[in-house]
Amino acid sequence: SQQGEEDPQALSIQEGENATMNCSYKTSINNLQWYRQNSGRGLVHLILIRSNEREKHSGRLRVTLDTSKKSSSLLITASRAADTASYFCATDRGETSGSRLTFGEGTQLTVNP
Amino acid sequence: EAQVTQNPRYLITVTGKKLTVTCSQNMNHEYMSWYRQDPGLGLRQIYYSMNVEVTDKGDVPEGYKVSRKEKRNFPLILESPSPNQTSLYFCASSPDSFLAYEQYFGPGTRLTVT
Numbered sequence: 024s025q026q027g028e029e030d031p032q033a034l035s036i037q038e039g040e041n042a043t044m045n046c047s048y049k050t051s052i053n054n055l056q057w058y059r060q061n062s063g064r065g066l067v068h069l070i071l072i073r074s075n076e077r078e079k080h081s082g083r084l085r086v087t088l089d090t091s092k093k094s095s096s097l098l099i100t101a102s103r104a105a106d107t108a109s110y111f112c113a114t115d116r117g118e119t120s121g122s123r124l125t126f127g128e129g130t131q132l133t134v135n136p
Numbered sequence: 264e265a266q267v268t269q270n271p272r273y274l275i276t277v278t279g280k281k282l283t284v285t286c287s288q289n290m291n292h293e294y295m296s297w298y299r300q301d302p303g304l305g306l307r308q309i310y311y312s313m314n315v316e317v318t319d320k321g322d323v324p325e326g327y328k329v330s331r332k333e334k335r336n337f338p339l340i341l342e343s344p345s346p347n348q349t350s351l352y353f354c355a356s357s358p359d360s361f362l363a364y365e366q367y368f369g370p371g372t373r374l375t376v377t
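Chains as they are written, first to last, in the working numbering: chain A, 24 to 136; chain B, 264 to 377.
Just so you know, these hints were derived from the structure itself, not from any lab.
The reader is advised that the hints may include incorrect statements.
Below, computed lysine to any residue pairings styled on SDA-like, alpha-carbon distance capped at 25 Å [to be verified]:
(1) A:Lys49 / B:Lys320
(2) A:Lys92 / B:Ala363
(3) A:Lys49 / B:Leu304
(4) A:Lys79 / B:Lys332
(5) A:Lys93 / B:Asp322
(6) A:Lys49 / B:Lys334
(7) A:Lys49 / B:Pro324
(8) B:Lys328 / A:Gly65
(9) A:Lys79 / B:Asp359
(10) A:Lys49 / B:Lys328
(11) A:Lys93 / B:Gly321
(12) B:Lys334 / A:His68
(13) B:Lys320 / A:Ser51
(14) B:Lys334 / B:Thr375
(15) A:Lys79 / A:His68
(16) A:Lys93 / B:Ser360
(17) B:Lys320 / A:His68
(18) B:Lys334 / A:Lys93
(19) B:Lys332 / A:Arg123
(20) B:Lys320 / A:Arg123
What the simulated footprint calls covered on chain A by chain B, stretch by stretch (three residues with Cβ under 8 Å from a Cβ of chain B suffice, anywhere in the stretch; the number is not a length) [to be verified]:
(21) 31 to 43
(22) 59 to 72
Fair warning: this is a prediction, and the values are worked out from it, not measured in the lab.
Glycine included, each C-beta is placed from N, C-alpha and C at the ideal position.
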């Protein structure tokens, strides 16, 4: 089964509203990453949060990490129609090699103008 | 421009006809990886390479081969493609073999095997 699982699978909001997506994982991690994908295109890295960090900001993005609950959330504030995309969390395996990332199935975000 | 390139972008082929999808990065990254993306299954790792001549299996390696003879190139080889390998394929690279940094993704290759 997937290491990272996003929730909800789909989210539809109006422009200007905030969007929150959640990610849960099963095993210990070194870091957790969030990526964005426009339909059929390559993934673009948004933010990386390390296991010893609890919160990180980048522009309109805010990511939190709760290692005790094995969960993370991505908040997009003041959403825009251009934010419409799929969002994926990715976790490493927390192993010494740390060289394998596992992606969740993604949250499809639709921002209506 | 720093980028990961893949070729071809689209490919329709028949069962059993060997094919290679090329991947190249110009960022001197150590780590490279191949993923496939299927509806409802997300991205799954096929193979990865931590450096030249070092490759290892990901979660779904069956039916695929890779090689890493040069740092910049990481081709994906399908010796005898089958319809269940119809998918969207992504190559990615990262500066660090321990994935402490982001991965850079190529634009994708949409493969159809009939």
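Handout entry: Indices of hints not satisfied (ascending)
Key = 4, 6, 10, 14, 18 and 21
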